Structures are given as structure tokens and as C-alpha cells.
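Residue-level listing of the chains:
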Amino acid sequence: MRLSVFLLALFPFAWMVYHAVTGGLGTNPIEAVTHRTGWWTLAFLMLTLAVTPLRQLLGWGPLIKLRRMLGLFAFFYASLHFAIYVGIDQFFALDYILEDIMDRPYITVGFAALLILLPLAATSTKKMIKRLGGKRWNRLHKLVYVAAALGVLHFLWLVKADTREPTIFGAILVALLGFRLVSERLRRFRIRPTAGGRRLRVSPEPPRVESRAGRVKLKSASPR
Amino acid sequence: MLIKRPADIRESEVTNEQLYIDRRKFITTVAGAGAGLGLAATAGPLLACSGDTRAAGGAIEEAGRQDDELTPFEDVTSYNNFYEFGTGKDDPAKNAHTLRTRPWTVTVEGECNKPGVYDIDDILKRFPAEERIYRLRCVEAWSMVIPWMGFPLADLIKSLEPTSQAKFVEFRTLLDPDQMPGQRRRVLEWPYVEGLRMDEAMHPLAIFSVGLYGKVLPNQNGAPIRLVVPWKYGFKSIKSVVSLRFTRDMPLNSWAKSIPNEYGFYANVNPEVDHPRWSQARERRIGELRKRPTLMFNGYAEQVASLYSGLDLRKYY
Numbered sequence: 001m002r003l004s005v006f007l008l009a010l011f012p013f014a015w016m017v018y019h020a021v022t023g024g025l026g027t028n029p030i031e032a033v034t035h036r037t038g039w040w041t042l043a044f045l046m047l048t049l050a051v052t053p054l055r056q057l058l059g060w061g062p063l064i065k066l067r068r069m070l071g072l073f074a075f076f077y078a079s080l081h082f083a084i085y086v087g088i089d090q091f092f093a094l095d096y097i098l099e100d101i102m103d104r105p106y107i108t109v110g111f112a113a114l115l116i117l118l119p120l121a122a123t124s125t126k127k128m129i130k131r132l133g134g135k136r137w138n139r140l141h142k143l144v145y146v147a148a149a150l151g152v153l154h155f156l157w158l159v160k161a162d163t164r165e166p167t168i169f170g171a172i173l174v175a176l177l178g179f180r181l182v183s184e185r186l187r188r189f190r191i192r193p194t195a196g197g198r199r200l201r202v203s204p205e206p207p208r209v210e211s212r213a214g215r216v217k218l219k220s221a222s223p224r
Numbered sequence: 001m002l003i004k005r006p007a008d009i010r011e012s013e014v015t016n017e018q019l020y021i022d023r024r025k026f027i028t029t030v031a032g033a034g035a036g037l038g039l040a041a042t043a044g045p046l047l048a049c050s051g052d053t054r055a056a057g058g059a060i061e062e063a064g065r066q067d068d069e070l071t072p073f074e075d076v077t078s079y080n081n082f083y084e085f086g087t088g089k090d091d092p093a094k095n096a097h098t099l100r101t102r103p104w105t106v107t108v109e110g111e112c113n114k115p116g117v118y119d120i121d122d123i124l125k126r127f128p129a130e131e132r133i134y135r136l137r138c139v140e141a142w143s144m145v146i147p148w149m150g151f152p153l154a155d156l157i158k159s160l161e162p163t164s165q166a167k168f169v170e171f172r173t174l175l176d177p178d179q180m181p182g183q184r185r186r187v188l189e190w191p192y193v194e195g196l197r198m199d200e201a202m203h204p205l206a207i208f209s210v211g212l213y214g215k216v217l218p219n220q221n222g223a224p225i226r227l228v229v230p231w232k233y234g235f236k237s238i239k240s241v242v243s244l245r246f247t248r249d250m251p252l253n254s255w256a257k258s259i260p261n262e263y264g265f266y267a268n269v270n271p272e273v274d275h276p277r278w279s280q281a282r283e284r285r286i287g288e289l290r291k292r293p294t295l296m297f298n299g300y301a302e303q304v305a306s307l308y309s310g311l312d313l314r315k316y317y
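Chains as they are written, first to last, in the numbering used here: chain X, 1 to 224; chain P, 1 to 317.
Calculated directly from the structure, the hints in this document are not laboratory data.
Hints are supplied without guarantee of correctness; some may be wrong.
Listed next, the in silico SDA-like pairs over lysine to any residue satisfying Cα-Cα at most 20 Å (straight line) [unchecked claim]:
1. P:89 with X:164
2. X:160 with P:278
3. P:89 with X:26
4. P:89 with X:165
5. X:160 with P:282
6. X:160 with P:89
7. P:257 with X:65
8. X:65 with X:125
9. P:257 with X:159
10. X:160 with P:252
11. P:215 with P:315
12. X:142 with X:172
13. P:315 with P:289
One side of the interface only, derived from the structure: several residues of chain P facing chain X at Cβ under 8 Å [unchecked claim]:
14. 138
15. 142
16. 184
17. 187
Residues of chain P clear of chain X, computed beta-carbon distances all greater than 12 Å [to be verified]:
18. 95
19. 107
20. 117
21. 175
22. 191
23. 312
Small disclaimer: the values here were computed from a predicted structure and weren't measured.
All C-beta atoms in this analysis are idealised placements derived from N, C-alpha and C, irrespective of residue type, glycine included.
Let the sequences and hints guide you as you build the complete structure.
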């Protein structure tokens, strides 16, 4: 499963390269690749954030195995997006790039989102999870919501009048965040009385012992 | 090349595009060389021989820089902002086939002695098209160089005899969601409205275009008749015009109405006044890798700057 998802996730990139070689990027190819990589960054952020809700809804624990990869693909497309902006769009004109980051809110928030993704990608290895400890790691990786929100804002502030696509991304993000908040509240409500003690709450997704912990938690969180 | 009635042009009469481009290059080069040697008198007749320039056209050639190469026909006709057919750049080329450009009338109203409903073919007969090569600078910071076919807006306006009360001209695009599917979504308020101050409209650089590259204007470029005001951002050059109204008050143009702090009435190309969200200092010429600096009034400062002397261009963006 992981390999096929990996190939699937690589497809937008391959498709773009194919278009670049065959001239299929249209009249303004630089704009096209910038927009495409940005779009796929948001898409992969949403997919990453959808993993946990989907697991709970479908009751299919192994889905968690995809989360890290999807998140890293979001980071991959974000880096590509930024590299294209710096290297091709601005042609390494540092003064203009700095001016953009400082003075143009949509670029400021986009850059901030990338900066947030950076430590998340860096701490995505098993070793780093161990070093940080599950709880701290979890807290750090909640930042992905902030990055996604800034990413949506980046898109929203960039468009001229047609806000449909950024609004859809925003709605998806709100739905995913809402689902998590509600399910967490439900879980807290349920666990407290049965567990007798305090603070026995299972942290949302213990990333370390993925599958087993996931299943255990799923049981306690499932409606029936 | 003159087209008096673009609808009558047969494909066989149209100059092959590469030939066309080569000829343009030749003319520009010769004109440049002539001017360089102080032989403007020689260059003048040469330009006249090509049959596509008048007084203002000559000035345009001079204003044009050597590196202003024509943007290929395919790019001019496949990368368009024409929200009536969708907000994607490639949407108009895909969707504009639903636009019916005949029969077509232009309604003239307001402060003038000759209001009425004018048939497009009568307009075309009356005002022969000539070629004008203009830079087009979009507010989104990309640009093209387009060989338009058209006639001075001033010629039409004079014939309509505006009264002394006429201070502005307001233009409107067709409103018909069946022909313009993009109008089913309220991205902007429909119909699209634009306007010019009377002196701007009378300026010899402002034209009504009915064609490009020697061909009838493609639907996605604003057929059958559109404004071209080369010293202003592209959104001022309203497409598929169905009405013209002479007014005492400044018209409220669509983008200014939609986002007033970002788009104004004047919308003169100005590298020193940024869009609130992005820089206007540079632009990407379609087909080029590196951005190039944007010129004041899109390079037509010599011809139009006097229209705005004393006007705070930062305030009246």
C-alpha cells in the first residue's frame, strides 16, 4: 500500500516534469508550476490531516502508516514551490525576495507556513520521535494545523476575485479541525469516568507504537 | 494592411504569421536604423508604405524598444483574463466559442447629440482598421506585445458629438449568461463596466480594436469590439463592448467597485505604486524567463504623462 501511495503522490510532480518537457505548461509556465506546486502542497496537507479522522471513521488503523509519508510529500511540494519562486520566478533576486517576505502579507504567511513545516519534517523520523517523547512530539506536530491555515490564507490573499478554491481548502481544514476537536472532547468525556483516575487520557495518536495503540484508542473512541 | 470589414477577410488574404513577424522586425529595424542616422524622413515614408501607421502609430514605433518582440499569436489567444468565460487563464479560449458576435450592436447614450443603436458592421465600415502594436501590461504583473487592428476611439467619439456636459465615457460588456457562462457566478458584478475620462478617451493612443495579427478579433480577446488603452492596466481595456455612455460623473468601473482599495478608476501602469498585495515594479513578459522593469505609463509616458500633470498618482491609482 505504501509503495502505491508513494508513486501516486509522486505523480503530480512527474506530470509537471512531463509537461515542462513537452511544453504542456501553457503560456506562462513559471506561473503554472508555481501554482501547481502550491496547490499540491495544500492538497497533501489536507490529506495528511485527514488520516486520523478517516481512521476513526473507517476504523482502519493501518492508515496511520501513510501519515508521515503524506506529510513529507506536503513538505516536498512546499519546498519545490519555494525553490521555484526563489530560483526561477525571482531568479535569486534577494532584495526583491526579502521585500516580498517583509511587505507582502500573502508571501509572509506562505513563508511562515514553510518555516513551520521545516521542524516537522526534520522530526519525522522514528529516532526523533523517541528523542522528543510522544507527548512533546505530538504537541510540536499540532503546528501542522497552523501551517495549513497559513497556507490557505496564503492562497486566499493571492487570488484576485475568485476565492472559490481557497475557500474550499479552508472549509476542508475547518471540517478536519472540527472533527478532531469534537472527537477529542467526546473521548475525554468518556474516558474520565471509566478510568477512575485523572489524566488517563490517551494522547491523540501515540506515534511510536503506531498500529496497536491506534487500535486500542480507536476502540475507546468509537461511538459504540 | 487595412481591414475595412474584418468579417469579409478570407483566410487566403491573411498574411502568414511568420512572414508577418519577419516583416515587423524588418520595419522596426529599418525605422530604428533610419532614426539613428538622422534619416527620420526616410524612415517615415517607409513606415507609411507598410500601410499600417498614422501619426500616432509612428510615435508608437519610436516608443517601442528594440527588445519588444511580438508575443506569439498562440499566446495572445490562449492566455486571457476574461472572467465572463471563467477565471482561469485558459478558460476564455476554451469557453468563448459560445459568444455570438453577429448580429451585434453598440448602444450610445448620454451626453451626446447622436445617441442611438449602431450596428457593428456599420461601425467597421465607417472606421477602417489600422495596425497598432502595443505593449499590454496586466495588473497581475505579466505583459505581452500585441499587433492590434483597430481605429482611434477619438474618431468614433467625435462622430457621436458629445456635449460639453460629457466628462467621462462609460463602457459596458455584453450581459448574457447563456453566451457568457462565467456570468453565472458572481465573481464580479455583471455586466463588466469600465470608463475613461473624456481627454483619455480622445487620446490618439486609445483605440477600439476589432482584430489582431491581421485577423478578426478572436472571441476570447473580446470580439467583436474592445477597448485598448495601452498605458493603463489591462483590466481597463474592456472587451466585447455593447454600450457607450457619455456621463457627467465618473463611472464606477467593475474592479474598483469590487475591491476599491486595490483597483481605482485610473489604473495607469505605474512601477512606483504597488498593488496592495504585490509589487508593480517589474513584470514578466510572456515568453521571457527574467522579469523586466515596468515602465511608467507602460512606456507611453512621453505621449500621455501630460494628461495627469498635477494628479497625485499614488492617491488616484
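Here is what the structure says about each hint:
{"no.": "1", "hint": "P:89 with X:164", "in the structure": "holds (15 Å)"}
{"no.": "2", "hint": "X:160 with P:278", "in the structure": "holds (11 Å)"}
{"no.": "3", "hint": "P:89 with X:26", "in the structure": "holds (10 Å)"}
{"no.": "4", "hint": "P:89 with X:165", "in the structure": "holds (15 Å)"}
{"no.": "5", "hint": "X:160 with P:282", "in the structure": "holds (18 Å)"}
{"no.": "6", "hint": "X:160 with P:89", "in the structure": "holds (13 Å)"}
{"no.": "7", "hint": "P:257 with X:65", "in the structure": "violated (50 Å)"}
{"no.": "8", "hint": "X:65 with X:125", "in the structure": "holds (13 Å)"}
{"no.": "9", "hint": "P:257 with X:159", "in the structure": "holds (17 Å)"}
{"no.": "10", "hint": "X:160 with P:252", "in the structure": "holds (18 Å)"}
{"no.": "11", "hint": "P:215 with P:315", "in the structure": "violated (39 Å)"}
{"no.": "12", "hint": "X:142 with X:172", "in the structure": "holds (17 Å)"}
{"no.": "13", "hint": "P:315 with P:289", "in the structure": "violated (33 Å)"}
{"no.": "14", "hint": "138", "in the structure": "violated (10 Å)"}
{"no.": "15", "hint": "142", "in the structure": "holds (6 Å)"}
{"no.": "16", "hint": "184", "in the structure": "violated (13 Å)"}
{"no.": "17", "hint": "187", "in the structure": "holds (5 Å)"}
{"no.": "18", "hint": "95", "in the structure": "holds (14 Å)"}
{"no.": "19", "hint": "107", "in the structure": "holds (27 Å)"}
{"no.": "20", "hint": "117", "in the structure": "holds (31 Å)"}
{"no.": "21", "hint": "175", "in the structure": "holds (17 Å)"}
{"no.": "22", "hint": "191", "in the structure": "holds (15 Å)"}
{"no.": "23", "hint": "312", "in the structure": "holds (21 Å)"}
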